[in-house]
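Enquirer: Listed here are the chains, written in short residue letters.
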Amino acid sequence: MKELINIIADPIFSFPIVTTLFVLMMKYYRIVGTKKFGIGALLTAIPVATWLCLDPNFRKIILWPDNIPINIIIILIAWLTWYSLYRAALNDNRLDEGLGPWEGLPENREKVWVWPNLVYTELMCIIGCTVFLVVWAIIFKAPLEEPANPTWAPNPAKAPWYFLGLQEMLVYFDPWMAGVVLPGIIVVGLIAIPYIDTNPKGNGYYTIAERPLAMWGFLFGWFVLWQYLIIVGTFLRGPNWTYYGPFEYWDFHKVVAEYNVNLSEFFWIKWLNRPMPANMFVREFFGILITIGYLFILPPAIARMKWGKKIIANVGQIRYYITIFLIIGMASLPIKMVLRWLFSLKYIIALPELELNL
Amino acid sequence: MSKRGVADYIRETQVWKSIFRHGPPTNARNRAAVVAGNVFLHLHPIKLKKSGVQLGYTWCMGGLSFFVFLALTVTGLLLMFYYRPTAEYAYNDIIALKEHVPLGIMREIHRWGAHAMVITVWLHMFRVFMTGSYKPPREFNWGVGVILLVLTLLLSFTGYLLPWDQLAIWAITVGANMAKATPFLGHGGPGAALAQIGDFVMVSDKNDVRFQLLAGRFVGEPALLRFYILHCVFIPLVVATLIAVHFWRIRKDGGISAPL
Ligand code: HEM
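In order, the protein sequence lines correspond to chains A and B. Residues in the first sequence are numbered consecutively from 1, following our numbering. Residues in the second sequence are numbered consecutively from 1, following our numbering.
Treat the hints as calculated values from the structure; they're not laboratory data. Errors might be hidden in some of the hints.
Unchecked claim - Here are the computed lysine to any residue pairs in the SDA-like style, where the Cα-Cα straight-line distance is at most 25 Å:
no., chain 1, residue 1, chain 2, residue 2
1, B, K98, A, T50
2, A, K201, B, R127
3, A, K158, B, L162
4, B, K50, A, R94
5, A, K141, A, E122
6, B, K98, A, L298
7, B, K47, A, C125
8, A, K141, B, H100
9, A, K36, A, T50
10, A, K60, A, I39
Note that the structure is a prediction, hence the values are computed from the model and not measured.
The shape of chain B in the complex, shown without the other chains (with noise of 0.2 Å):
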């Protein structure tokens, strides 16, 4: 304790010390209050059992999930200030940004960190299967999970529109087909024939759920718009409340699951 560095000088100054309100964390107590402390860190317990924070059981693919996530929303938010989703912009608008925007790597990382967080929530839910953590006490977190994954896909499927090239429009043409072909909600699924009331017919295509889906009977403007605020605003705010429920519950189950 004779020699002080630069370090223990900086720690002492008031402007650190109204950051962090705790001494270096190498006792028990400065430990604590790091994580307990912290925002951001104390979504964690302040221990936990060896066996949960090995690799080896988690592979860390939920927290690589929830980082993903964040770097999406990042380079999703500068994305947002390039583009404008109208049939007339979209696409030049991507190539501006392609072609006046130096080093722009934003939106590769932002599309292929969009298949990476697919890889890892699928990996996660893999790994979860693997080591039989969805059952009791956390049956309803892995329900919770299943719907994250659903949400994941379907905000890939809505971003994959936003380029608006031919990839982005067929592609979603090939999904919307699908909503067409609903069973009774559909107008090309069955039973819609038979929501038939003389010649009042229920389930057109100009009510059914692919019209609901791209405010259209076909993949136009309307559904770049849809799909951009889906995108953008909707799904992510439904994402994020998922994710803060997930992790609550992952407390509350009494942490990462071990032996009993």
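So here's chain A without its partners, still in its complex pose (with noise of 0.2 Å):
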């Protein structure tokens, strides 16, 4: 059992069970969003993470002190994206008879004084996090490890885990991409979503059967490539960033062969079988043209499709165009993985004489 588990938890496995399991979510989100599958999933995870925690590989990592907080966020989003659903679904089948959300009801728009319900909702949160900080402050020392040599790195260097999905982009991208102009994709992407999400229904109240685009769409980012990547990274990572499954041994000397091969090389050398030009254009200009493709020629022809007339009818030339760049941008990180596990496909632009590697 133990095996099989260190075996599809490789990204190669996880990634598309993981993007199954989200695809499942949302579709019967109103079955996930009852409070009976809550009990069940809580009933089934306890022992679960009870058998998980047995196991001293798996325990050592879990309770590495800088590994407590992604424990703390895995265990909250786990219970507020229940509870959020459930929330959703309550309205959505209160919507399906015709009636309004559960927030609008008249008892919940009824006006109250501040002093004291929200004041001491509030009081409540406070005392509660306060307890909560400094009980986390007593048990777990804050790590100290030995005093900074630059000469000598320990190996693997981590950053904290809330950047350990950036990290973990490094396996499918270079620096500038996945350290760069990524996150400027997210953090660009992030604040535009108000602007290119023009549906007026779902403000204010819990809701997926009113705005399925805008779920679908910020929840996979959220869920599989944010939260997942960042659990590959802090728990599956080990010395010289390769995969160790959550029950194996850190050991220093496991040796992954792995041969990625350039786009160039395969339509030169495997296609073509002829030697590799000297014109580094030359080269890659296969590379060249499908990267041309992707941005500039991909998004003009959806939108000559029937969807994508539809989505230009309803926002208009700039917002199709701002929100057609941005899923590209998003699903470029899936794409080049998958491309990577299924051809060991290496950079699809190789020109390391201008440090550009895509």
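Could you fit the two chains together into a complex? Lean on the hints.
Expert: Right, here's the structure in full:
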């Protein structure tokens, strides 16, 4: 069993598994968002978590002080996700029956005094949070390692957990993409959300049925490309950033043979059976062509298709192109991951002469 | 009203009345006065929709982000009494903090609080998305929030260097090497090789973004000072300002969102 988990936790398998689970959750959110399902999931999770923690290798990385926050956030996200789905399912069932959202019921619209109602809630939250922090601080000492030594790098050199999603992207992209361009797209994309999502419904209450596109798009990024990658980066990457299963001992001598091949090598050597051309642009022209096609031809092409036209009719050209560009940027990560796993593809464009590897 | 307790007596002293200018908040007029007359509480409206008070709606995650930020400010100030940002002292000061300060958990609270703030801010964003609260008229405030999220992460990033241990300098090295790869602006990034006129290299490791970030080509003492100032003064000031904007806009945008 543990062997099996060690194998399927590898991103090659766990990425499609997590994506499938995400799709199932979103499709059947009205079932997931029932109390029965929630309690069932909790009752399954507790023994499974206990069983996991009995394993010494697993316990070691779970209880490493700097990893405590990510355990906490996983639990909170699981709970709050279920809760949001529960509230959304509640509202969507009401909306099906032609009733308004629960938050809009007269008794919830009624105005109440901030003192004492809100002030009391806030006080309780503050007290709870303080107790939590103090207990946490007493149980877990803040880590302090050896003094800084510029001549000796620890292996693996990991950033704090909330950056490990970015660090994990380094497996698939060069630093200029993983560390600069993609984070830039994330920030700009987040800020752009209210301006490109023109759907007036679902403002101020939980719902999924009334805004499916926004939900699927954002939550895919949030769960699969953000939280999942952080979990992989934190728990499943050991020395040299090689993959280690959750029950695997971090053996510093584990050697993983990796032969990744550039697209240009596929093109010239494997398919055309010729030597690589000397001119770098000729050498890489196939990859450059694909990239230009992906960035500049695909969006207008989709715009001519039926649902592209529909979107443009709804939101206009500018919003359409910004949206599609953000989606393309986001999709480049899973696309590159899948290509890597299926074909050991290293770079689509490999121009180390210009530091431009894609 | 016949029996007068100690509380009533205190309420009538001049000292009490000079601080709280209203009677006990048991009637409408005084409840309004409590909130409106207190500089902290007046961030709130006097009354608000019940849905906005329910924990099930806001999860109080925005409020807790603010509270944790305040807790970090206080514990951070206390730590500043003990800590000197130089390569010679930084690490030893942290050790001293551990060994010589009795019952000291300030460093723990500060460190775990930093993690907690990242958690609460993320969950806050998640909630705002799930309730569609970024929709008009709150688009701008969502944008302010995203900037706050980035700044929260930058606060953590800059603070991570200060203990000056192995974890610190190597985590920052990983991050700074990404800056090196910035297109056109980092000497190891695409396009930098093009910014060259004859023999004159415009983007080199002595002037690119990584150099500006670290005040050097590697994580050394100048970087420590730079991160210290960013972490203790500059970014917190920006965050505090933006939180003020964020809160002001919540009120101006009509309070906590609710079905239209
Ligand atoms: C330092 C970080 C932040 C602090 C201290 C903060 C604080 C708050 C507080 C206290 C509220 C009142 C309602 C609530 O508690 O949920 C609020 C609302 C809001 N926040 Fe934040 N926030 C922060 C970051 C963010 C982020 C990252 C986003 C989004 C990307 C965001 C977007 C919003 C929006 C749109 C509202 C209005 C919600 C509504 O009306 O329902 N904030 N914020």
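Enquirer: For each hint, tell me whether it holds in the structure or not.
Expert: Hint check results:
no.: 1; hint: K98/B - T50/A; result: violated (33 Å)
no.: 2; hint: K201/A - R127/B; result: holds (16 Å)
no.: 3; hint: K158/A - L162/B; result: holds (16 Å)
no.: 4; hint: K50/B - R94/A; result: holds (20 Å)
no.: 5; hint: K141/A - E122/A; result: violated (28 Å)
no.: 6; hint: K98/B - L298/A; result: violated (58 Å)
no.: 7; hint: K47/B - C125/A; result: holds (20 Å)
no.: 8; hint: K141/A - H100/B; result: holds (15 Å)
no.: 9; hint: K36/A - T50/A; result: holds (22 Å)
no.: 10; hint: K60/A - I39/A; result: violated (29 Å)
Consistency with the previously given hints fails for numbers 1, 5, 6, 10, ordered from lowest to highest.
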